[in-house]
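2 protein chains.
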Amino acid sequence: MSELIIWTYDWVPKGPRGFVRDLRFRWACEEAGLAYAVRTVAFEGRETNHLSHQPFGQVPFLSDGKLQTFESGAGLLHLARKSEDLMPRESIGEAETIQWMMAALNSIEMVTVPWWFLEISGAKDNGLADWMGKRLAQIEKVLTERAWLAADRFTAADLLMADVLRIPKVRAFGDRPATEAYVTRVTDRPGFRKARADQVAHFAAADESRST
Amino acid sequence: MSELIIWTYDWVPKGPRGFVRDLRFRWACEEAGLAYAVRTVAFEGRETNHLSHQPFGQVPFLSDGKLQTFESGAGLLHLARKSEDLMPRESIGEAETIQWMMAALNSIEMVTVPWWFLEISGAKDNGLADWMGKRLAQIEKVLTERAWLAADRFTAADLLMADVLRIPKVRAFGDRPATEAYVTRVTDRPGFRKARADQVAHFAAADESRST
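Protein chains in written order, with my numbering: chain A, 412 to 623; chain B, 412 to 623.
Bound-form chain A, shown alone:
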């Protein structure tokens, strides 16, 4: 019996709480009923203190017995292959799930994250706005036509896409009713709500130990 360990920071400022990507692993484990432990690396010194586990100094990474993997997409795929609750076993449904996971990471997040980065950097004229608007319109069209991205039911693809689309600045960009309904519906799942509450509590508990 392998032991799943989700690695995250010991503490983060209030801003990113509820958005740190260990949430993707917590949420997947909650959906699939997979037992897991949470362990930490220090937020202070993060740029160099855990490069042997994560070469960009980020979190999360995932341990499963002797296997360890970074990149939230890779860890999520690893978890998805453990449970049909996250990804169908048959080849067509599996391929649909993986393609939409990749779309969340490499077609949507590839523009939303840099756009968001420029926004919080105070860019007056965000050069990625038109491209993001186009991509979000394409996803809006998809979500107008279907309730779930893959296999006609909730999968890890919805988990990842909803996590990408729920970023407040992205959610507030334009008027996209199908996307808004989708994000609301997917993030109203008990698995998301527990994962989010657990992450927020994890970092809040660290506030207390830091202040003593």
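Worth double-checking, as some hints may not be accurate.
In silico SDA-like cross-links for lysine to any residue, where the CA-CA straight-line distance does not exceed 20 Å [unchecked claim]:
#1 K493(A) <-> P499(B)
#2 K477(A) <-> R492(A)
#3 K545(B) <-> G468(A)
#4 K535(A) <-> E551(B)
#5 K425(B) <-> W527(B)
#6 K552(B) <-> N460(A)
#7 K535(B) <-> K477(A)
#8 K545(A) <-> E458(B)
Keep in mind that the hints were calculated from the coordinates and are not lab data.
Given chain A, put chain B in place with the hints provided.
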């Protein structure tokens, strides 16, 4: 016996030739000795003419019998699972390969592509330059310490990372000798050279039929 079909455009302007992402699939098939056919969708009208196959109006997508998948990362993973030449079968080597494929897509390309987009859009002060410099320095450190990203040998992770890093503007950004040697070495493989030549010839042949 399934038939692999790589779908790309019927024609593209000269600029992107040698860089259209069907090359990732062609290269993988060449490395693994997988037979494949190439079929096309029209470049003219691409934003709407094949949305049922690719919801962003892009290429490539991949057919394998009844299975069809878009996103170059998803198609590449599909091909990698067919051949040990592209990805080890044992779980640790497979996980390493997948994590570095995801890193190429979601940690490196997530900054290099938007940075490149801003550059070609004529941005005077590219707000993503510092972030890209940091990420490329992190990859440079990794490539200083090892010849291959995963499993101590060439895998689909190197194929994808080298394809991301070989973009001329990215390659010319700063002085990163380990990365330069890596890109040179990986793109000197016969599989890459054949895939690139075939793609260039494919689009050049369309020039002739367009001019008649």
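Decide if the proposed pair is consistent with the structure: K425(B) and W527(B), CA atoms, cutoff 20 Å inclusive.
18 Å, holds
Would you check the hint for K535(B) and K477(A), treating anything up to 20 Å between C-alpha atoms as holding?
Given pair K535(B), K477(A) is violated - Cα atoms ~48 Å apart, limit 20 Å.
20 Å limit on alpha-carbon distance, applied to hinted pair K493(A) and P499(B):
With a Cα-Cα distance of about 19 Å, the restraint between K493(A) and P499(B) holds, given a limit of 20 Å.
Within 20 Å, alpha carbon to alpha carbon, are K545(B) and G468(A)?
11 Å, holds
Sort out whether E458(B) lies within 20 Å of K545(A), counting only the CA atoms.
The hint holds at about 11 Å.
Measure nothing beyond the straight line between the CA atoms of K477(A) and R492(A); if it is 20 Å or shorter, mark the hint as holding.
Satisfied, since the Cα-Cα distance of roughly 17 Å is no more than 20 Å.
Given pair status - E551(B), K535(A), alpha carbons within 20 Å
Not satisfied, since the Cα-Cα distance of roughly 32 Å exceeds 20 Å.
Under the criterion that the straight-line Cα-Cα distance not exceed 20 Å, is the pair K552(B), N460(A) satisfied?
15 Å, holds
Of the hints listed earlier, those the structure fails to meet are numbers 4, 7, in rising order.
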